[in-house]
Each structure stands twice: as structure tokens, then as C-alpha cells.
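Protein chains: 2
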Amino acid sequence: MTATSLPQSVRIREVGPRDGFQNEPEVIATDDKVRLVDLLARTGVPRLEVTSFVRADVIPQLADGPEVLRRMDVPGDVDVTVLIPNERGFDNALAHRDRFGEINCFLSASESHNKANVNRSIEESLTGLERVIGRAVGEGLRAEGVISVSFGCPYEGHVPPERVFAIADRLIAAGASEIGFGDTTGMANPRQVRAFFAAAREALGPEVELTAHFHNTRGQGLANVLAALEAGCTSFESSFGELGGCPVPAGATGNIATEDLVSMLHEMGVQTGIDLDAMLAAARAARDVLGRPLGSHTLVAGPVDWHDRHA
Amino acid sequence: MTATSLPQSVRIREVGPRDGFQNEPEVIATDDKVRLVDLLARTGVPRLEVTSFVRADVIPQLADGPEVLRRMDVPGDVDVTVLIPNERGFDNALAHRDRFGEINCFLSASESHNKANVNRSIEESLTGLERVIGRAVGEGLRAEGVISVSFGCPYEGHVPPERVFAIADRLIAAGASEIGFGDTTGMANPRQVRAFFAAAREALGPEVELTAHFHNTRGQGLANVLAALEAGCTSFESSFGELGGCPVPAGATGNIATEDLVSMLHEMGVQTGIDLDAMLAAARAARDVLGRPLGSHTLVAGPVDWHDRHA
Numbered sequence: 003m004t005a006t007s008l009p010q011s012v013r014i015r016e017v018g019p020r021d022g023f024q025n026e027p028e029v030i031a032t033d034d035k036v037r038l039v040d041l042l043a044r045t046g047v048p049r050l051e052v053t054s055f056v057r058a059d060v061i062p063q064l065a066d067g068p069e070v071l072r073r074m075d076v077p078g079d080v081d082v083t084v085l086i087p088n089e090r091g092f093d094n095a096l097a098h099r100d101r102f103g104e105i106n107c108f109l110s111a112s113e114s115h116n117k118a119n120v121n122r123s124i125e126e127s128l129t130g131l132e133r134v135i136g137r138a139v140g141e142g143l144r145a146e147g148v149i150s151v152s153f154g155c156p157y158e159g160h161v162p163p164e165r166v167f168a169i170a171d172r173l174i175a176a177g178a179s180e181i182g183f184g185d186t187t188g189m190a191n192p193r194q195v196r197a198f199f200a201a202a203r204e205a206l207g208p209e210v211e212l213t214a215h216f217h218n219t220r221g222q223g224l225a226n227v228l229a230a231l232e233a234g235c236t237s238f239e240s241s242f243g244e245l246g247g248c249p250v251p252a253g254a255t256g257n258i259a260t261e262d263l264v265s266m267l268h269e270m271g272v273q274t275g276i277d278l279d280a281m282l283a284a285a286r287a288a289r290d291v292l293g294r295p296l297g298s299h300t301l302v303a304g305p306v307d308w309h310d311r312h313a
Numbered sequence: 003m004t005a006t007s008l009p010q011s012v013r014i015r016e017v018g019p020r021d022g023f024q025n026e027p028e029v030i031a032t033d034d035k036v037r038l039v040d041l042l043a044r045t046g047v048p049r050l051e052v053t054s055f056v057r058a059d060v061i062p063q064l065a066d067g068p069e070v071l072r073r074m075d076v077p078g079d080v081d082v083t084v085l086i087p088n089e090r091g092f093d094n095a096l097a098h099r100d101r102f103g104e105i106n107c108f109l110s111a112s113e114s115h116n117k118a119n120v121n122r123s124i125e126e127s128l129t130g131l132e133r134v135i136g137r138a139v140g141e142g143l144r145a146e147g148v149i150s151v152s153f154g155c156p157y158e159g160h161v162p163p164e165r166v167f168a169i170a171d172r173l174i175a176a177g178a179s180e181i182g183f184g185d186t187t188g189m190a191n192p193r194q195v196r197a198f199f200a201a202a203r204e205a206l207g208p209e210v211e212l213t214a215h216f217h218n219t220r221g222q223g224l225a226n227v228l229a230a231l232e233a234g235c236t237s238f239e240s241s242f243g244e245l246g247g248c249p250v251p252a253g254a255t256g257n258i259a260t261e262d263l264v265s266m267l268h269e270m271g272v273q274t275g276i277d278l279d280a281m282l283a284a285a286r287a288a289r290d291v292l293g294r295p296l297g298s299h300t301l302v303a304g305p306v307d308w309h310d311r312h313a
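Protein sequences, first through last, are from chains R and W. Quick note, the first sequence lines up with residues 3 to 313 if you use this note's numbering. Quick note, the second sequence lines up with residues 3 to 313 if you use this note's numbering.
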């Protein structure tokens with residue numbers, strides 16, 4: 003694939019209602035969450051991660067997940083994803099089986115990060131998630147396995163891609179049809195990303211969907227998107243308003259902003275199915291709810307205006 | 003050039019003391035300017051745009067340009083650039099001829115933007131700058147011609163690259179050895195940038211230095227850098243702390259941050275000669291002077307730490 007060979011279209015999963023809302027210091031009111039989810043669901047975004055089934059004492063920000071799922075009004079052509087941390091979470095989610103079609107299970111590519119994040123070894127996490135994914139597929143659900151710190155770990159430094167692919171293999175064997183690779187603390191660079199996605203396709207075969215989840219920690223999020231596109235990646239995760247995504251240290255940015263991603267893709271002629279103005283309206287609504295400026299650039303600058311005012 | 007063929011090294015011109023300081027609503031004290039210039043001059047950056055010779059009533063923020071030039075202590079291996087708007091500015095600059103080795107002359111690629119910016123037609127600007135460049139080269143100075151809105155104009159929309167190259171041809175014929183292409187309001191996208199720089203090299207020949215000046219208006223600044231690198235561009239302009247760079251509308255970001263640029267390049271193995279920690283220290287000093295958070299991402303997040311803490 004040459005540098006100028008970009009895909010005609012990509013699929014974006016909006017993760018703000020889960021990844022964004024759970025990182026807010028103040029719990030967002032359920033009414034506001036439902037309204038924002040409904041706005042996002044009408045932007046044309048094909049996939050929407052709405053909430054998670056984590057323990058309410060661990061992440062109180064998402065304790066109202068079941069209520070959001072019940073009250074939201076999402077068109078049938080939008081794939082709703084929920085995050086499932088473990089088998090107990092999956093049991094709880096099953097009571098709302100008719101409200102979502104995809105689950106997202108996650109673990110880390112490094113022992114230290116997995117231990118810090120979920121207090122388990124990678125093997126313990128994998129064993130549990132294999133059961134969850136197997137049961138989910140049995141229920142007719144689609145399963146994404148997300149591997150955090152795939153491009154580098156803040157505790158361990160370099161993470162060998164082979165280790166990441168070995169974890170992906172286990173998740174795929176268990177039934178996952180999509181693997182998400184998380185640049186959890188923004189350590190990836192475009193050269194690495196290009197080699198990584200080429201190797202991942204080689205290692206994991208042509209069938210599994212490979213998804214890039216980049217952070218904008220050092221301003222390089224969209225450069226990594228470009229590199230992934232050039233390596234054939236056509237699935238991305240992002241967050242409206244640039245909400246959420248492991249902002250460490252305090253003040254650091256996390257997820258790439260969906261509207262910045264969409265703006266760049268559309269300007270390059272890569273289609274997303276998303277109405278950028280509608281996505282910006284949703285981000286503005288989130289800004290109003292949160293009452294503070296958000297990290298998104300296009301939210302401030304507005305979309306590129308190619309209108310020829312002298313025509 | 004394949005997608006993975008990146009240059010081994012690039013040259014960065016730090017433009018913060020001119021492009022950044024002139025966009026600050028409050029005039030920065032001369033003492034602070036001199037201190038910041040001296041810090042920047044010791045980061046390893048090879049080129050430093052220090053000030054401009056515009057009329058003090060037009061840009062009072064840089065009225066102390068001659069004093070900054072006189073008082074700064076810049077090592078001899080750093081190329082000092084000053085911005086020259088017109089022949090009168092050049093006459094004034096000549097009194098400080100021993101303090102700089104490069105001049106930067108600018109005009110816009112669209113009539114509307116040039117009119118709005120300097121109240122002249124492109125032809126009027128070109129005629130004046132040809133004289134300035136000719137005189138500068140006669141004085142043994144190196145001349146860069148910067149063409150604003152090279153990738154799109156907020157008034158006129160699309161700007162044909164052929165029009166940009168025709169302007170560049172005139173500047174080169176007058177003696178400019180470097181042409182900078184400005185994405186003044188952040189309308190460029192990576193696909194366009196890659197084609198642009200390939201075509202520019204073709205149109206302008208192998209001798210002239212082609213410099214990319216990107217803005218991060220919609221978060222895509224470093225993605226455009228990546229595309230330019232892939233098209234063979236090895237010269238970039240950026241601003242420490244993400245200062246300056248035509249922040250329109252209010253709150254929008256302008257220039258790409260030097261430290262974000264350096265972080266990405268170094269992580270990819272592309273050398274700049276810049277000490278990232280020293281550049282971050284200079285940006286922190288600017289933040290302290292300005293007393294507000296700056297747009298730079300790496301300034302908040304810190305450099306990528308690949309140290310293996312378990313080794």
C-alpha cells in the first residue's frame with residue numbers, strides 16, 4: 003500500500019459516553035447522559051459505546067448505566083456497545099440484552115499496567131475474558147477485545163508487538179471478532195503505528211477487525227491515525243469533545259476528539275457517515291453540561307469552510 | 003518515496019519570539035523577551051525568528067525588536083531570522099545587520115487575504131518584496147519568502163497550487179533561497195499536503211529549500227507534518243508553547259508547538275538537534291511569563307518516558 007492509498011471509508015466508534023463520562027470528576031446527571039447519547043446516535047456515527055457494567059463503587063460515574071440504556075432512544079442502525087469488565091458484569095448486562103449488540107472487554111498488554119488497572123495478571127484476565135466472550139457470542143452478541151498500552155507502557159516502557167498479538171490471538175480464539183489496540187498513555191508514534199498495523203494484519207489474519215484507539219497526549223493523535231490509515235486500518239475509536247481517556251498527568255489530554263478525526267478524514271475524502279455539524283452540536287451540548295472548555299480543536303475553530311465567497 | 007521512508011533529520015525554525023509574541027494581547031516586557039530568546043537559542047534549535055521590523059503602531063508587541071536584537075545572547079551557530087514586511091522595514095533592519103543572517107518576507111497566495119493582511123495586491127507585494135530580497139542578498143543575507151494561505155484561504159476557499167508556485171518562482175528569481183508555505187488558518191489536510199510538496203519540488207526544482215509552516219487549528223498539525231515528511235519536506239517552522247499563529251476565531255490554536263513536533267520526530271527517529279527537555283524548559287518559562295496555560299500538549303504531559311522501570 004503506497005502512501006497515497008487511503009481507504010474510501012472508515013468506521014468510527016464514539017466512546018465518549020463511556021470513556022469520557024467515567025473520567026469526569028463530577029457524576030453527570032442521567033438526564034444529561036441520555037440526551038447526549040440520543041444526540042450522538044443521530045450524528046450518523048455507526049457505533050456508540052454507551053456505558054459499562056463495572057461495579058458502582060469502583061466507577062460511580064457510570065452507576066446509572068442500566069437506566070441510560072433503558073431510557074436512550076437510539077436508531078436501530080447504530081451498534082450499541084457496552085464495556086464488560088468481568089463475568090459478573092456480563093451477568094448484570096444480560097438483564098439489558100435487548101439494548102446493545104456489542105460488548106467490549108479489555109485488558110492490558112503489560113503485566114504492570116494490568117495489575118495496576120484491574121489487579122490481575124494478564125493470564126487471570128484472559129481466562130476470565132475468554133469465558134465472557136464465549137458466553138457473549140453464545141448470546142448472539144459481537145465481542146471486541148481491547149488491549150491497553152499496546153504501543154508502550156508507562157510502567158514497563160516498550161511492549162513487544164508479539165506479546166500484544168499473542169493476547170489478541172487468545173481473544174480471537176475465544177470468539178472476539180474485533181481487536182482494539184489502545185495507546186493508553188499516548189506513547190505511540192506514526193512510524194511505530196504503521197509497522198504495528200501491518201504486522202498485526204499479518205499476524206492475526208484477514209478476518210478479524212483491527213481497531214485503533216489513539217490518544218492525543220502529546221498532540222500526535224491524528225498523525226497516528228494517518229499512519230494507521232496508510233497501513234490499512236479502517237476502524238477507529240474516538241470521543242466527542244475530546245472527553246476522557248486516561249488524562250495522566252492531570253490536565254493531559256486523552257482520547258482524540260471525534261470531530262477533529264472526522265474533520266481530517268472528510269477533508270482527505272475518507273468517508274465516515276458522520277454529519278460533522280451534528281457531531282459538533284453534540285460536543286457543544288457536552289461542553290454546556292460540563293461547563294468548561296473541552297480539548298477538541300474543531301469545536302473551537304469550526305469546520306473548514308471551503309465555500310468560495312467570491313464565486 | 004514509500005510511506006516508511008522518512009528523512010534522517012530535519013531543520014526546525016523556532017518562530018515563537020516573532021509569531022508568538024506578536025499575537026499576545028499584552029506586550030511582553032523586553033527583559034522577558036531577551037531571556038526567552040536566550041533560552042531558545044540554547045535548545046539546539048538551528049534557526050530562530052527573533053522579531054520583525056513592522057511599524058510599531060501596527061504591531062506594538064514587537065516595537066522593541068531592535069533592543070531585543072541588541073541585547074540577546076545567541077550562539078554563533080544559530081541562524082537568526084527577522085521578518086521584513088517592506089522596504090522601509092528593511093532599511094530599519096540594516097542598522098542591526100550584524101545581529102541576524104536571514105530575513106523572512108511574506109505575502110499571501112490569495113488576493114483577498116493579501117489585501118486584508120497588508121492592504122496590497124499580490125503584484126504590489128511581489129514588486130516590493132523582489133526589491134527587498136534583491137537588496138538583502140546583496141548584503142549577504144539569506145532570504146526566505148513565506149506564502150500565507152498556501153493550502154486554502156478563509157475568504158476565497160481553494161487556492162490553486164500553481165498560483166502558489168508562480169508566486170514562489172518570482173521570489174526565487176529575486177534571490178530567495180527558501181520558500182515557506184503557510185497553512186495560515188489550518189485548512190490543510192494530509193492528503194493535500196503530500197501532493198502539494200511533491201508538486202512543489204517538481205515545480206520549483208531541487209535547489210530551493212521548501213519549508214512547511216502548519217497550524218494546529220483543527221488538531222491536524224502533526225498529521226500534516228507527517229504527510230510533508232513523507233513527501234520529502236525536511237524544513238519546518240513551529241512555535242514553543244504553541245504560541246501565536248493567527249488564532250482565529252478567538253480561542254483557536256495557531257502554530258504547532260515546537261515541543262510536540264520535536265517529541266513526535268524524535269520518537270520516529272527523525273533527528274532535529276534540539277534538546278526536548280531544554281525546549282520544554284523554555285516553554286515553561288514562557289508560560290510563567292504569560293501566566294496562563296498554553297496549547298502545547300507535551301508541555302503538560304511531559305516527554306514520552308521509555309525508561310524500563312523494571313529493568
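There may be inaccurate statements among the hints.
Only some residues are given here: those of chain R computed to face chain W with a beta carbon under 7 Å [stated by the list, open to error]: (1) D59; (2) T129; (3) M189; (4) G221; (5) Q273.
To be clear about the criterion: a stretch of chain W counts as covered by chain R if any three or more of its residues have a C-beta under 8 Å from a C-beta of chain R, and this derived list gives those stretches [stated by the list, open to error]: (6) 182 to 191; (7) 254 to 263; (8) 294 to 300.
Everything labelled a hint here was simulated from the structure, so no lab data went into it. Backbone N, C-alpha and C define an ideal beta-carbon position, used for all residues, glycine too.
Here is what the structure says about each hint:
no., hint, in the structure
1, D59, "30 Å, violated"
2, T129, "23 Å, violated"
3, M189, "5 Å, holds"
4, G221, "4 Å, holds"
5, Q273, "13 Å, violated"
6, 182 to 191, "holds (count 3)"
7, 254 to 263, "holds (count 5)"
8, 294 to 300, "holds (count 4)"
When each numbered hint is compared with the structure, violations occur for hints 1, 2, 5.
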